[in-house]
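Use the sequences and the hints to build the structure in full.
Protein chains in written order, with the numbering used here: chain Z, 1 to 530; chain L, 1001 to 1340.
Hints should not be assumed to be uniformly reliable.
Said to hold, decoys possible - Just so you have them, the derived chain Z footprint on chain L, three or more residues with Cβ under 8 Å:
#1 1136–1143
#2 1257–1266
#3 1269–1275
Hint data in this document are derived by calculation from the structure and do not stem from the laboratory. Heads up, the beta-carbon is just placed ideally off N, CA and C, and yes, glycines get one too.
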Amino acid sequence: MKHFSDLISAIEITNKTNAKIDALVDYLKIAPEKDKLWLITLFTGKRPPRPVKTTLMRQWCLEITGLPEWLFLESYSSVGDLGETIALMLPDPTHHIDKTLSDWMTELKALKPKSDAEKKAYVLHAWSGLQMQERLIFNKLIGGSFRIGVSKKTLVNALSKYSGIDANQLMHSIIGHWDMDTISFDDLVNGEHINYDNSKPYPFCLAYSLEKELSELGQPEEWQVEYKWDGIRGQIVKRNDEIFIWSRGEELVTSQFPELVTILQNFKEDFVIDGEILALKDNAVLLFNDLQKRLNRKNISKKMLEEVPVGFYVYDILEWNGDDIRTQPLQYRRQLLEQLLSSNSAHDTLVISEIIEFTDWNELDAIRNRAREFNSEGLMLKQKNSPYHTGRKKGDWWKWKVDPLTIDAVMIYAQKGSGRRSSKYTDYTFAVKKDDGLVTVAKAYSGLTDKEITEISRFVNKNAIEKFGPVRTVKPELVFEIAFEGIAFSNRHKSGVALRFPRILKWRRDKSVEEIDTIEQVKLLITNPI
Amino acid sequence: MKLIKFTKKGIYCIPGKFYLDPWLPVDHAIISHGHADHARRGNKFYLCQTDSKAILKHRLGADIHVESLNYNEPRMINGVEVSFFPAGHVIGSAQIRLEYKGFVVVFTGDYKVKNDYITVPFEPIKCHEFITESTFGLPIYNWLSEAQLQQQMHDWVQRNQAHNRTSVFLGYSLGKAQRLMKLMEGVDKMFVHSAIHNLNTAIQDSGIPLPETELLIYDFKKEDVQNRIVILPPGLLGSKLIKKIPNAATAICSGWMQIRGNRRWQAVDAGFAVSDHADWNGLLSAVKATEAEKVYVTHGSQATFSKYLNEIGIPSAEVKTEYGTEEEEVELITDKTSSQ
Chain Z
1 MKHFSDLISA IEITNKTNAK IDALVDYLKI APEKDKLWLI TLFTGKRPPR
51 PVKTTLMRQW CLEITGLPEW LFLESYSSVG DLGETIALML PDPTHHIDKT
101 LSDWMTELKA LKPKSDAEKK AYVLHAWSGL QMQERLIFNK LIGGSFRIGV
151 SKKTLVNALS KYSGIDANQL MHSIIGHWDM DTISFDDLVN GEHINYDNSK
201 PYPFCLAYSL EKELSELGQP EEWQVEYKWD GIRGQIVKRN DEIFIWSRGE
251 ELVTSQFPEL VTILQNFKED FVIDGEILAL KDNAVLLFND LQKRLNRKNI
301 SKKMLEEVPV GFYVYDILEW NGDDIRTQPL QYRRQLLEQL LSSNSAHDTL
351 VISEIIEFTD WNELDAIRNR AREFNSEGLM LKQKNSPYHT GRKKGDWWKW
401 KVDPLTIDAV MIYAQKGSGR RSSKYTDYTF AVKKDDGLVT VAKAYSGLTD
451 KEITEISRFV NKNAIEKFGP VRTVKPELVF EIAFEGIAFS NRHKSGVALR
501 FPRILKWRRD KSVEEIDTIE QVKLLITNPI
Chain L
1001 MKLIKFTKKG IYCIPGKFYL DPWLPVDHAI ISHGHADHAR RGNKFYLCQT
1051 DSKAILKHRL GADIHVESLN YNEPRMINGV EVSFFPAGHV IGSAQIRLEY
1101 KGFVVVFTGD YKVKNDYITV PFEPIKCHEF ITESTFGLPI YNWLSEAQLQ
1151 QQMHDWVQRN QAHNRTSVFL GYSLGKAQRL MKLMEGVDKM FVHSAIHNLN
1201 TAIQDSGIPL PETELLIYDF KKEDVQNRIV ILPPGLLGSK LIKKIPNAAT
1251 AICSGWMQIR GNRRWQAVDA GFAVSDHADW NGLLSAVKAT EAEKVYVTHG
1301 SQATFSKYLN EIGIPSAEVK TEYGTEEEEV ELITDKTSSQ
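Following this line, the structure appears as structure tokens:
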């Protein structure tokens, strides 16, 4: 496992995608055939089910080290990863086991139906025969994410660099149906088991943020204006009765959205359409937070399908019965799209993106600012004559987002992050004034630089009240400007309000806690009380 | 017997009328070692171990009033016998042993129990009361042997050279830098930053030999440094100087690098868990070897370590001091020792 262990070490230390890709390529050059297949399996979420429960692993670690459970938990909250905590706490190895990645995986797969006693004997033998880093990897092979920033896309780019094969084709190959026991690595990457002609996507056309006055865009009638949605930009490819859904990150996400596939199967035509995957319920768009519940799941339960149904707002059509129509003007493509959707029964799942009627540029600003009321992020402005560009090109398509709402709040709790952020306090809870005290309004964890996080962590260490556990109550002193996309009354929150997508905009070092907002001021921001 | 008292200014010896590593200015300070959180400015009189004297003068000013003692060379101060014993932390670091009417208190300052082959190794001392640090007082901190660590680092340099890269190690100027020099001795030519170079000169001038290094001058020639080894204080991470080093592969050297999240926190190419503090088992073995009836735990994981000692039957209490911080981030972010 030495090579695999070196690979993980090389990948985990760098935050540069290219360095990760180079490390993967180096590994692919020397790894045995079966190990390469396992590598793909592990990093595409196709790993076998966990053979040993974490509670058992934790219990065995405590037995071996003789340490109390509270100390284990204290250590865990410092490390932020269970497999790593165990690997660090175990005593030095007494012997050295050298097995290939595929040997380990085969054994772990076979371990699943065994008794707890047999599992224990196996795991303990492995633990005492592996160095720290190898032990960590072994624990990760049993289950859990490596959390080293290797997405399917990174893996595919590495495979592409190694093999010279087109990355999107490789994406289809590794996502497609294949069985480790019957396919060779070469056949897999060459796509012997798939027909790439059926799935091949087009590059997405992307928009820049509006950077000029509307009047400079020309006549209003030259523009098609639509709402901008905050979901997952997607491309649906339907050719020869096969259906593929690509995300903007060039990952194949077809299996995550079965309801879309079902609807698409009713269509007779072949086409490629561009749009937004959204959580849609009763004809309304739900929050991205809701959509998130549906993402990256191995199995989507019936309950989940009912609670967060997914739909697709269609923006554009790129291919029609085999013809690439991207160079045709938007106006023409839109007509075709309307035809396609009106002649098929797509229910409420496949919905054409509404065109906003307006005659004067001055009307648009008010429309944009109302967008928040139904969970839209703002507007998209598209030149009616524009082709479907490859990538980001200035001039024809603009996005024009709503301005975020902001408040000043004070930090009252801090919690350590996970993965790369496990060493620092990165997750904060903020409060505003209520009567003579404070009331929690938001939790946020993004928007600060590493340097600021380090500084805040030092403040937390100095000013924390608790000594144990992951959460620290801190002196209300640090003031932050919190931005959010929406606000509504809420009975579930103590403050009586719920913020949508709160994030830290700025650390207001210039403000003291006396200057933060009151809950009354925050409630005034609610424009559409329900 | 009450020999010591924890005060706002620092650890105070009642009959001796002096302070140990005070953080506010006092008349009479006994200093465990030269790091800035232990040896502070503004004291009227300093007493330290012989090898620390040149370091203190270098950092606090040549005009300070300082005297020194060798290891295990007792001096009576107001009826208290004061002596220094090796702490194995950095060059000149000492545990301070106080004896008064047969009652013994030992203050460790900072220490590590394993031999780094450049610092006089740690020596356990029996005492009634033991004041220990706890920087790495969690069972997840267990260091590799010096030989294993050296192998890892040598392999890294070799891999860098195979890819035409210059190996840059970051470690604070006093202690870590000399340790890295020792670990890398004989591998290739080593360049050091002026902050480290000046300290090295002070150490060598007081008669302590160090591995051979060359000063990294500001306008160095790229071809001289290419593929070699460079040792810099951690504060230089992201600096202009480090960007000038051709094809630099950068490694942070600190005990905190034991944890993946810490290694990945800063955009560097490697992290080596090289620490001048005792690891979990080191702390436990040191505490047990003293056979102390009471253990005071200072800076680090004091709450956790102290609670654990009580659970295993060693009476213990935590003490708030101004040494380090819980996370000891100072070491990672700014080179506190060269920020003077």
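A quick look at each hint next to the structure:
Remark: the segment 1136–1143 of chain L is confirmed as covered by chain Z, as 5 of its residues place a Cβ nearer than 8 Å to a Cβ of that chain, reaching the required three. Against chain Z, the segment 1257–1266 of chain L contributes 9 residues with a C-beta closer than 8 Å to a partner C-beta. That satisfies the three-residue criterion, and the hint holds. Evaluation of the coverage hint for the segment 1269–1275 of chain L: fulfilled, as 3 residues show C-beta separations to chain Z shorter than 8 Å, against a requirement of three.
Violated hints are absent here; each numbered hint is respected by the structure.
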